[in-house]
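Peer 1: Listed below are the residues making up each chain.
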Amino acid sequence: MEKKKTQIEEFERNIYDIYDTDNIDYQVKRGLTEDIVTEISKNKNDPEWMLALRKKSLKIYNETELPKWGPSLHELDMDNIVTYVRPKAVMTDDWKELPDDIRGTFERLGIPEAEWKSLSGVGAQYDSEVVYHSMREQLLEQGVIYTDMETALREYEDIVKEYFMKLLPATEHKFMALHGAVWSGGSFVYVPEGVKVNMPLQSYFRLNAPGAGQFEHTLIICEKNSSLHFIEGCSAPRHNTINLHAGGVELYIKEGATLRYSTIENWSKNMLNLNTKRALVEKDAKIEWVSGTFGSHITMLYPMSILKGENAKSEFTGVSFASSNQYLDTGSKVVHAAPNTSSTISSKSISKNGGNATYRSSVTIMPQAKNSKCSVICESLMLDDKSRSDTIPVMDVRNDKADIGHEAKIGRISEKSIYYLMTRGLSEEEAKALIVRGFVEPVTKELPLEYAVEMNRLIGLELEGSIG
Amino acid sequence: MGISFANINQLPVPTWNQLKINSVSLDVAEDGLNSYSKEAKLTLPEKVQADRFFVEPESAKIPGSMKQNYDFVSKNHNSVFALTIPEGATPDSPVIIEYSLDKNNSLLNDYIYIKAEKGCEVTVIIKYGSNNCENAFHCGFTFLEAGENAKVKLIKVQTLSKKANHVDAVAVWSKDRAAADIILNELGSERTAASCNIVLKGEQSSGNLGGIYIGKNQEEMDLNYRIEFAAKETEGEITVRGTLADSSKKTLKSTLDFMTGASGSKGREEEIVLTLSDKAVNLSAPLLLCGEDDVEGRHATSTGRPDPGKLHYLMCRGFDRKEAERLLVEASFTPLLNKIEMPKIKQEIKEYIGASIHG
Amino acid sequence: MSQTLLKINNLYATLESDIEIIRGLDLNIDTGETHVIMGPNGAGKSTLANVIMGHPDYIVRSGSICWQGEDIVDLATNERAKRGIFLSFQTPEEIDGITMRDFLKSAKAATDGKPMPMLAFRKQLEDTLNMLQMDKAYADRYVNFGFSGGEKKKSEILQLLMMDTKLAILDETDSGLDVDAVKTVREGIAHYKNQDKDHSLLIISHSTKLLRDLPVDYVHVLVNGKIVHTGGKELIQKIDREGFADFLQK
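Quick mapping for you: the protein sequence lines, in order, are chains A, B and C.
Taking UniProt numbering, I'd label the letters of the first sequence as residues 1 to 468.
Taking UniProt numbering, I'd label the letters of the second sequence as residues 1 to 359.
Taking UniProt numbering, I'd label the letters of the third sequence as residues 1 to 250.
Honestly, I wouldn't trust all of these hints.
[Unchecked claim] Here are the simulated lysine-lysine pairs, DSSO-like style, with alpha carbons at most 27 Å apart:
#: 1; chain 1: B; residue 1: 322; chain 2: C; residue 2: 193
#: 2; chain 1: C; residue 1: 209; chain 2: B; residue 2: 344
#: 3; chain 1: A; residue 1: 409; chain 2: A; residue 2: 373
#: 4; chain 1: A; residue 1: 117; chain 2: A; residue 2: 370
#: 5; chain 1: B; residue 1: 47; chain 2: B; residue 2: 103
#: 6; chain 1: B; residue 1: 346; chain 2: C; residue 2: 136
#: 7; chain 1: B; residue 1: 162; chain 2: B; residue 2: 61
#: 8; chain 1: B; residue 1: 47; chain 2: A; residue 2: 370
#: 9; chain 1: B; residue 1: 350; chain 2: C; residue 2: 197
[As the list claims (entries may be wrong)] Some residues of chain A that are not near chain B, with every Cβ distance over 10 Å (derived):
#: 10; residue: 66
#: 11; residue: 77
#: 12; residue: 370
Keep in mind the hints are simulated off the structure, nothing from the lab.
Bear in mind the structure is a predicted one, so any value in this text is a computation, not a measurement.
Note that CB positions come from ideal geometry on N, CA and C, so glycine has one too.
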């Protein structure tokens with residue numbers, strides 16, 4: 001019985017790995033030059049200011065060094081990356097209108113089904129362009145905008161111009177500059193004052209073409225006292241060449257608003273995932289980050305919350321699972337910039353089969369952030385001695401009326417727990433899987449049911465590989 | 001002429017540059033400094049041998065992060081001790097080396113090599129104080145090798161003058177079942193870059209690193225503490241208690257580094273900081289690095305004002321706010337101070353702390 | 001001759017926010033007197049103790065608190081302690097790292113303005129420990145740290161007797177005192193009164209068990225931040241039988 005189960009899981013794994021051939025409509029040449037950037041811009045009918053932003057970003061990219069910390073990025077050769085790939089599909093709000101193989105991919109990933117069951121709206125990006133976007137009628141009536149970035153740039157240019165890359169300037173780091181130069185696709189969400197969106201919106205990002213990069217930009221504005229849950233999913237089939245993902249996520253959360261931003265990332269293991277996410281949180285507002293990192297060869301991801309208004313709150317719940325040949329360098333950054341702000345970071349990581357999990361964070365309490373509270377809890381589980389697990393937190397406290405607590409723990413699954421479960425009839429692997437699921441429960445419980453199930457299945461898949 | 005240290009006290013694994021925590025650099029003008037030419041005061045119990053020549057440790061035993069410190073001291077030392085505690089010796093009083101810097105002896109570069117042979121039990125106390133001199137510079141390198149089953153306590157007390165620069169490094173190498181207890185008191189000087197690296201090379205060896213610091217005025221401290229768990233069933237603990245007043249700034253990097261193969265090892269690190277001023281800057285980077293699954297590592301930090309309930313309770317018993325704060329600061333140092341069994345030295349430290357907090 | 005020790009006049013006090021907890025309270029305590037304050041939950045009993053002591057979370061909006069003729073409303077807590085007001089806490093703080101001995105020695109030095117001679121201090125401490133049948137080892141434990149409820153009570157009484165107290169305020173708001181604790185407090189009060197017949201007491205309590213054998217001069221009923229009735233010891237039995245219903249209606 002156990003064997004059968006394993007087979008099913010192995011089969012299921014393939015849904016991520018099916019690669020569609022021949023659905024590229026158009027792509028730019030490999031590499032990164034001003035001509036390529038201009039070509040992308042022309043292709044997308046950018047307004048003047050956007051072309052200028054792209055060119056300026058490229059200049060900054062060329063002047064900026066690679067980070068001197070974190071996993072080695074020596075495998076990345078920008079000369080070999082195709083920064084823009086347009087699929088053979090025109091954006092639609094009807095799955096049926098998509099080409100068969102593209103639709104098939106999203107069906108295998110369960111996106112249309114999830115949309116029908118539990119989502120308020122869905123966006124689906126395939127390589128560099130969004131191919132599907134749809135939202136329930138009722139939200140439209142409430143004035144909610146949920147569309148792809150290209151449409152947003154055409155139809156809501158003023159809003160986009162006001163916010164685009166203001167929170168994530170190209171000067172932030174080399175890959176933010178790269179993003180500014182070649183960004184394409186992504187989602188734009190605008191929730192008007194007081195509107196509470198009951199069911200989540202989801203954007204799914206699929207990178208299909210080998211050797212390509214995906215640089216989608218997500219911009220969410222939650223006006224006063226609104227609320228939203230946004231889910232981001234990512235996957236790619238496995239290739240032998242390096243793929244690059246350098247997305248940008250900017251979240252503006254106005255007074256009294258709440259945004260939950262959940263990510264389940266399952267990139268293939270040839271992916272460099274260098275994503276940047278940041279939220280600006282105003283008075284009485286709240287950001288909740290839920291983050292699951294499973295795939296990719298290298299991930300560097302540290303969602304950042306800037307608590308700008310009094311009483312602003314941030315919660316970060318993250319789990320990462322590093323297996324062989326994976327370097328998952330993840331964590332969170334928080335800046336407390338106003339009085340009475342509070343933040344919590346809860347991070348869990350698992351490493352096995354030679355995987356490398358790093359928790360990296362920074363918490364800054366500015367002088368004006370009186371009576372702020374921050375609590376960090378960080379746990380790492382090592383499943384064998386071939387793997388690595390590092391915890392690198394920094395706290396910078398600049399006033400004396402702040403209350404900061406930090407706890408970290410590192411170690412392995414207790415043999416006593418495994419033994420206890422085995423006396424109850426579980427195999428060693430089942431016992432381990434059960435304990436690991438318990439370990440990541442704080443994240444799964446924050447996700448809608450379907451995604452919690454998917455995550456548990458991913459953990460099952462990951463652990464299955466470690467048998468023997 | 002000047003003395004210059006570039007990027008010392010490196011964080012064992014670098015992180016974001018903007019945080020300015022990866023390393024520290026120090027430039028000191030040599031003008032007006034006079035080389036330490038008097039004798040250090042040495043209290044030597046029977047059975048301990050003190051030589052005055054430079055004993056070089058095997059280069060593998062000098063941690064990479066301290067190479068610059070070592071090179072500087074090996075080139076510029078003006079006071080050298082090589083202490084040998086013979087096999088099985090248990091001197092009944094501590095070895096005490098006291099440096100007192102003054103106007104004519106304001107630049108000290110000391111090298112102290114301590115070899116604690118098999119099964120010995122010893123306490124070594126090194127004091128860096130100053131007397132009537134505003135400006136002073138101290139750079140020290142202390143190497144301690146704890147032989148099999150040796151029990152060594154090394155206590156350093158730094159109370160240099162308020163304009164002093166202090167660059168100190170302590171490297172410890174522990175063999176099988178050795179126990180090293182290091183207590184570092186960084187109480188004075190304007191700029192401090194101090195580090196301690198304990199390598200638990202022998203099976204079942206243990207290392208405890210206790211740190212006490214006080215920051216006041218414009219003082220800046222950069223402390224880099226690390227324990228490397230390099231053998232089976234080793235145990236190590238970093239316990240730091242500090243207080244920051246005025247516009248002082250402190251950076252503490254504390255690392256537990258579990259090497260592959262260090263199975264059955266356990267480590268703990270803890271820092272509790274009391275801040276007494278809203279201008280103080282407090283940076284902490286408690287790292288847990290781990291290449292072995294069969295280990296237990298833990299860390300806890302807390303920082304904040306003295307507890308208001310406790311302050312009120314003390315004020316109800318007649319203490320004014322400053323005294324109540326001082327008492328709570330002293331209370332937080334108690335667990336570490338209790339490890340110093342010499343009442344006189346303990347009292348000196350307490351008085352120095354009291355004076356610093358009141359001042 | 002008895003003199004006025006504490007005189008509270010038309011006092012209004014709030015918690016940090018604007019919630020008024022004491023609303024127009026008057027109280028007069030002379031030397032040698034024992035006063036009891038009773039009242040339903042939330043009447044402001046513990047607040048009164050904290051306001052007299054100058055707890056920073058409470059703000060006096062109007063009225064006065066005079067100690068031997070001096071208005072002490074603006075004095076820091078420790079200054080009030082120096083004048084001889086002692087508050088025995090219901091749940092005393094635990095202070096890890098300071099021994100009882102050092103704490104008492106420093107506290108006495110702080111209130112007297114000069115350190116007490118070592119020998120005299122040691123003798124007083126030993127005598128008081130003996131009197132309370134407390135083991136000498138208490139002196140070397142950390143202040144209240146890891147103490148049981150009963151031990152904490154003893155620690156408060158020990159401090160009360162060691163300090164130069166003129167008015168002891170005993171906050172025993174919770175009726176949760178066990179038999180031993182009641183005995184400790186009762187004996188402590190007896191020792192305190194023995195020290196000097198001018199010693200005054202303000203007991204905040206529900207526990208009629210505690211009050212049974214004590215000579216009590218006045219019993220005050222506190223309702224909604226105001227004393228609504230004052231009587232003699234007979235009031236205790238009445239409240240014991242009937243509760244506060246009678247007073248609430250007024």
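Peer 1: For residue 370 of chain A, is the shortest CB-to-CB distance to chain B above 10 Å, so the non-interface label stands?
Peer 2: violated (8 Å)
Peer 1: Is residue 322 of chain B within 27 Å of residue 193 of chain C, Cα to Cα?
Peer 2: Cα-Cα ~33 Å, so violated.
Peer 1: Can the restraint linking residue 209 of chain C and residue 344 of chain B be considered satisfied, given a maximum Cα separation of 27 Å?
Peer 2: violated (50 Å)
Peer 1: Within 27 Å, alpha carbon to alpha carbon, are residue 350 of chain B and residue 197 of chain C?
Peer 2: violated (41 Å)
Peer 1: Would the pair residue 117 of chain A and residue 370 of chain A pass a check requiring their Cα atoms to be no farther apart than 27 Å?
Peer 2: violated (45 Å)
Peer 1: Is the nearest CB of chain B more than 10 Å from the CB of residue 66 of chain A?
Peer 2: Nearest chain B Cβ is 12 Å from residue 66 of chain A, so the label holds.
Peer 1: Is the hinted pair residue 47 of chain B and residue 370 of chain A satisfied, with a Cα-Cα distance of at most 27 Å?
Peer 2: Distance of about 57 Å is beyond 27 Å: violated.
Peer 1: Can the restraint linking residue 409 of chain A and residue 373 of chain A be considered satisfied, given a maximum Cα separation of 27 Å?
Peer 2: holds (21 Å)
Peer 1: Given the hint that residue 162 of chain B pairs with residue 61 of chain B, does the C-alpha gap stay at or below 27 Å?
Peer 2: violated (33 Å)
Peer 1: Does residue 77 of chain A really sit off the interface, with its C-beta more than 10 Å from all C-beta atoms of chain B?
Peer 2: Correct as stated: the minimum Cβ-Cβ distance to chain B is 24 Å, above 10 Å.
Peer 1: Holds or violated: residue 346 of chain B with residue 136 of chain C, Cα cutoff 27 Å?
Peer 2: holds (24 Å)
Peer 1: Quickly compare the C-alpha distance for residue 47 of chain B and residue 103 of chain B to 27 Å and report which way the hint goes.
Peer 2: violated (35 Å)
Hint compliance for this structure: hints 1, 2, 4, 5, 7, 8, 9, 12 are not met, and every other hint is.
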